[in-house]
Amino acid sequence: MISRWPDSDHTRTGSYVASLDLRNLKSRTCYQQVLHSFQDIVERHGMLDQQALQAWLRELASRWATSTLLHRARIIDRFLDHLLATGAIDHNPVEALREAFQLFGEQASPLAIMPNHLHQPTLSPSEAE
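Its first residue numbered 115, the sequence shown is counted upward by one per residue in this note's numbering.
Don't read these hints as lab results, they were simulated from the structure. Please note that a few of the clues may not be correct.
Now the in silico label distances, taken between C-beta atoms and shown as ranges [said to hold, decoys possible]: (1) Asp204 <-> Leu139: 28 to 36 Å; (2) Leu136 <-> Leu184: 29 to 37 Å; (3) Ser151 <-> Ala199: 27 to 35 Å; (4) Ser181 <-> Asp204: 14 to 22 Å; (5) Arg137 <-> Gln165: 15 to 23 Å; (6) Leu139 <-> Asp163: 29 to 37 Å; (7) Arg158 <-> Trp178: 24 to 32 Å; (8) Thr180 <-> Gly201: 28 to 36 Å.
These numbers come from a predicted model, not from an experiment. Built from N, CA and C at the ideal position, the CB exists for glycine as well.
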């Protein structure tokens with residue numbers, strides 16, 4: 115049986131980070147911290163959805179520069195893609211946002227669709243035009 119995410123012992127985040135070709139301990143530690151912070155928000159929120167993603171982004175926007183937050187959001191997006199591929203989650207809310215706003219490619223990120231650096235609610239696709 116496949117274990118679901120979030121998992122209380124952080125096994126999925128640990129095995130995901132271990133599977134990456136990260137060259138030094140500092141990078142592995144950074145990835146672990148980012149993934150754990152996101153998992154903590156999802157657990158507090160009670161479900162993995164766009165609102166949990168926004169809550170995580172808002173919480174960290176006060177601590178990180180936009181460029182750092184963008185990098186962290188990409189870490190989360192790739193992790194969620196991994197969880198989706200392994201059956202640990204049923205959907206990736208970042209993927210749904212990319213599709214809704216027709217954002218594709220490496221530059222697509224949650225920040226691209228959250229106006230005014232996350233202080234306002236996300237626009238619907240029709241409002242974004």
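Hints, one by one, checked against the model:
Restraint check, Asp204 to Leu139: a C-beta distance of roughly 33 Å satisfies the suggested window 28 to 36 Å. The beta-carbon spacing between Leu136 and Leu184, approximately 19 Å, falls outside the hinted interval of 29 to 37 Å. Restraint check, Ser151 to Ala199: a C-beta distance of roughly 22 Å breaks the suggested window 27 to 35 Å. Distance hint for Ser181 and Asp204: a CB-CB separation of about 31 Å, inconsistent with the stated range 14 to 22 Å.
Between Arg137 and Gln165, the C-beta spacing of about 35 Å breaks the proposed range 15 to 23 Å. Under the hint 29 to 37 Å, the C-beta atoms of Leu139 and Asp163, about 33 Å apart, fit the expected range. Remark: the range hint 24 to 32 Å for Arg158 to Trp178 is contradicted by a beta-carbon distance near 19 Å. For Thr180 and Gly201, the Cβ-Cβ distance of about 33 Å falls inside the hinted range of 28 to 36 Å, so the restraint holds.
Hints 2, 3, 4, 5 and 7, counting from the list given before, are not met by this structure.
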